[in-house]
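With these hints in hand, go ahead and build the complete structure from the sequences.
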Amino acid sequence: MEHLDQLEAESIYILREAYKKLGKLGMLWSIGKDSTVLLWLAKKAFYGHVPFPFIHVDTKRKIPEMIVYRDKIAKELGLDLIVHTNQEAIDAGIGPEAGRLLCCKALKTDGLKQVVHQYGFDGLIVGVRRDEEGSRSKERVFSERKEDDAWDYRNQPPELWDQFKTDFPKGHHIRVHPLLAWNEIDIWEYIRQENIPIIDLYFAKNGKRYRSLGCACCTGQIDSEADTLDKIIEELKTTKTNERAGRKQDQEDSYAMQKLRKEGYM
Amino acid sequence: MNEKQAGLNIVVVGHVDHGKSTVLGRLLYDTGALPSGAVEKVKKIAHDTGKPFEYAYLLDAFEEEQQQGITIDTTQIQFSTKKRDYIIIDAPGHKEFLKNMISGAANAEAALLVVDAHEGVQEQSKRHAYMLSLLGIRKVYVLVNKMDLVGYREEAFRRIAGVLGEFLSTLDVHPLLYLPVSGFCGDNIAEKSRNMPWYKGKSLLDSLDLMEGKTRMGDSALRFPIQDVYKFDDRRIIAGRIEAGHLAAGDRISIYPGGRETTIASIACWQEKDKKTEAFAGESTGIQVQDEFFNQRGEIITRVGDVPPLVSKRFRASIFWMGRQPLKFHKKYKLKLATQEVEAELAAITKIIDAAELTSRKDAEEIRINDVAEVILQLKEEIAFDLFRDFQATGRFVLVDGYDVAGGGIVSAVEEEGSLFSERTMRYIMEHLPLNGELTVVVKDGKVERLERVEKEVFSGIDGEGI
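Order-wise, the sequence lines are chains A and B.
Note that the first sequence covers residues 1247 to 1512 in our numbering.
Note that the second sequence covers residues 126 to 592 in our numbering.
FYI, nobody ran anything at the bench for these hints, they're computed from the structure.
Heads up, a few of these hints could be off.
[Claimed, not checked] If you want the footprint, here are the derived chain A segments under chain B, 3+ residues with CB under 8 Å: (1) 1251–1262; (2) 1292–1305; (3) 1374–1383; (4) 1402–1413.
Every residue gets a Cβ at the ideal spot worked out from N, C-alpha and C, and that includes glycine.
Right, here's the structure in full:
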């Protein structure tokens, strides 16, 4: 079996388990490459029907093209899309000037918590990958979050033979991670193989491109001439830079992501 | 797309502090497999904390892991050679984190067992080796690490290899290679060391490529457990992943445990480009069948003529226990095998093995955390399954206690319904009890079928066979 087929089969298996075993289910869609691949896999898993809503936590600070693209794709694919903003935090004037980790926590982590509790989700499908950064490399495929949405990373349950954590008390929820085993190149090769529509911010213009998408204030571009899928894949084969090097919140503290994710960040 | 072989998942196991993460960190560092950001980050941490650069920090990402210098949870890192891609799974060596070690090792096809040349074989070296044998991981390399601490001497290496080899052979684990290495100094990791001219083998990096790759069960009998049944549109699709064998439109199939037969009408797809008439082991697929009788998650589909799965309410298994609460008699657990879920109870403990000493206790009344045991399980309903040695995916299961997966196991034999007793108990009964008078011992086909009113009397005379 080819590498991509194997990854696809495993991700579809995970999505189907989540749908069968968890109650109310939603999928986070950030408009980025990973969650767009996830959207595609869900279409495949359920034969064109996606039996749960998509969720976008909008910080109102996203790169503007992302929002235009979001609304266009949602309309074209007929997605059941929930857009949520932590308006109280924005009204209270929270922004990166207050400290990037504080801002991420308020606009993303807390925004996400509000959606989970407002809609009563038992499962949230999230497109994180092990190769992105250290704390994600330690994740489980089905990862429990307690009442306060905290990740008890020091005491994760055993996970073996694709028998996932599907039993948990009411009020807890499960973060489902179908892309954990994929790496950045796999994502791009799959986009090429499946011809998946992808936002053009990833393609180089005037010697620059985005390698990872986020809020405009905290996301930098990289120097690149890669303006096609083939060129992006070639570039990634030789690069030695970290995928999230352009994400400023990661650089705030050596354990920034661990700390954010412990509190419920995606 | 390229000439590379299929990927291989390798777990690194061994006793705490024997240098598993350091060996791996070094391998990744020396082969340039890491993004510069990762190395810079560890350098910065070393600088900020005033500690020396630790290769292990490249894998031990948690703050607590770096502060305490131990691996808490398992990590997977991708790594490539010219020959193929690897997923290297780092597993914690501390006894307290055995459940995390098992979570890592359960995903592996091959293992590197790391032993400290200075400290020699320790408790977790043995326990981990036992777990490898139980998980069915047969491709094993032994790395005798920290050779720099024993002056790179051949006899130190030989001694440890000898002691370990003898222990492993009792588990039927036969390492393919023994390598003398130093993760800290980089000896025999990415390149052959000049410090050990007596060692004629290859470096770890070159040795990895010698390991045989995955063997997919494509030619075997079909095992297609039903994961779900969809009716999103006018199609009724039976969805699942093929665990062994292959299926094709037109195949006659049997659905177990019921055993009803029908024919595969077609293989479902979303897009026209994915249309196909055959599917193979490893694929997540979906089929439409001709006779639309009730199907449900958990049932196992095979082809008519294939070796059928076993169907029973009772089987013998080797299990490992990871729960804080012990596994007890007279308590209900949820057993999950492939996509089936059924209520299960402990019917007998045949023996409990101290995995570090390989001694067995027979007087046990419960199975405690980190114990390995041979047991008989009684299920509430019949399920379809296989012996682990025949089909891994349908021959292994987990036990859920409350909300948590607390144990895992492999099926070793099917037990007839009603055979309450082990062979040893049977022999005792046959030898010591008069099969007449007031005793109502009914034996059928060599098994005790009924033994109701005299149970207590019988058991007071049997040394410790827990029923």
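So, going through the hints one by one against the coordinates:
Counting residues of the region 1251–1262 of chain A whose beta carbon lies closer than 8 Å to any beta carbon of chain B gives 8, which meets the minimum of three for the stated coverage. Counting residues of the region 1292–1305 of chain A whose C-beta sits closer than 8 Å to any C-beta of chain B gives 5, which meets the bar of three, so the coverage hint holds. A count of 6 residues in the region 1374–1383 of chain A with a Cβ less than 8 Å from any Cβ of chain B is obtained; the coverage claim is therefore met, three being the minimum. Coverage of the region 1402–1413 of chain A by chain B holds in this model, with 9 residues showing a Cβ closer than 8 Å to a Cβ of that chain against a need of three.
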